[in-house]
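Chemist: On the provided structure of chain A, position chain B as indicated by the hints.
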Amino acid sequence: GEDVEQSLFLSVREGDSSVINCTYTDSSSTYLYWYKQEPGAGLQLLTYIFSNMDMKQDQRLTVLLNKKDKHLSLRIADTQTGDSAIYFCAESKAGTYKYIFGTGTRLKVLA
Amino acid sequence: EPEVTQTPSHQVTQMGQEVILRCVPISNHLYFYWYRQILGQKVEFLVSFYNNEISEKSEIFDDQFSVERPDGSNFTLKIRSTKLEDSAMYFCASSVSRDPILNTGELFFGEGSRLTVL
Chain A
1 GEDVEQSLFL SVREGDSSVI NCTYTDSSST YLYWYKQEPG AGLQLLTYIF
51 SNMDMKQDQR LTVLLNKKDK HLSLRIADTQ TGDSAIYFCA ESKAGTYKYI
101 FGTGTRLKVL A
Chain B
1 EPEVTQTPSH QVTQMGQEVI LRCVPISNHL YFYWYRQILG QKVEFLVSFY
51 NNEISEKSEI FDDQFSVERP DGSNFTLKIR STKLEDSAMY FCASSVSRDP
101 ILNTGELFFG EGSRLTVL
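Protein sequences, first through last, are from chains A and B.
For the first sequence, our numbering assigns the number 1 to the initial residue and increments by one for each residue that follows.
For the second sequence, our numbering assigns the number 1 to the initial residue and increments by one for each residue that follows.
Just chain A, same shape as in the assembly (with noise of 0.2 Å):
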């Protein structure tokens, strides 16, 4: 069945890179998403990237996807106080309007 995992949690210091994993099972999924959630917000789309790219860069952020092994991952550079908050990994595929979320990484900031 569809599946997406995340680690729960993760620390890093200011001006560091944080990466986030995620792991999906379903070969056929043709778009995954980085969502993040903020403190007493809604999720927020950050990025997303189609299954056919192995990369995709936007500004701080670098997405990389390793279709064989059915890895995502979301690396911020320079990472800030701002930065602090839940990252959710997701995918989608075409012929269903539903979003497979994983529980959500809690990605802390230290000053």
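Hints in this document: simulated from the structure, not taken from any laboratory.
It cannot be assumed that every hint is accurate.
[Said to hold, decoys possible] Below 25 Å or equal to it, Euclidean Cα-Cα: the simulated BS3-like pairs (lysine-lysine) are:
hint : chain 1 : residue 1 : chain 2 : residue 2
1    : B       : 78        : A       : 70
2    : A       : 93        : B       : 42
3    : B       : 78        : B       : 42
4    : B       : 57        : A       : 93
5    : A       : 108       : A       : 68
6    : A       : 68        : B       : 42
7    : B       : 83        : A       : 67
8    : A       : 108       : B       : 57
9    : B       : 83        : A       : 36
Modeler: Showing chain B alone in chain A's frame:
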């Protein structure tokens, strides 16, 4: 910036009571969704709604659940007879389309309604 709004932010109810969670999606969006997250667990898809009917639902969305768009702005989730295991954060979301390729399939989420069933 337009946003999805949800009310109430927190509701406490007794087991067996009916609960209605309300959402106001972004005004030009056509697709509407409910997701939930039980504490410490994954965000789970419940239902999607388009053109005044359910387009897809999960196994969680049983006969105790219903959705409605009673007017042009609200989108509601009703739980007829709440159970302890319905305690969760319920997220409403909306999107212009369902196709990310057009860059408009992005889901816009509300802040969530926390439901506590005692």
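Chemist: Take the hints in turn and mark each one as holding or not.
Modeler: Do the hints match the structure? See the list:
1. B:78 with A:70: violated, 36 Å
2. A:93 with B:42: OK: residue 93 of chain A and residue 42 of chain B at ~18 Å, within 25 Å.
3. B:78 with B:42: Holds, at about 21 Å.
4. B:57 with A:93: holds, 15 Å
5. A:108 with A:68: Violated. Residue 108 of chain A to residue 68 of chain A sits at ~30 Å, over the 25 Å cutoff.
6. A:68 with B:42: holds, 24 Å
7. B:83 with A:67: violated, 40 Å
8. A:108 with B:57: Not OK: residue 108 of chain A and residue 57 of chain B at ~34 Å, beyond 25 Å, violated.
9. B:83 with A:36: violated, 30 Å
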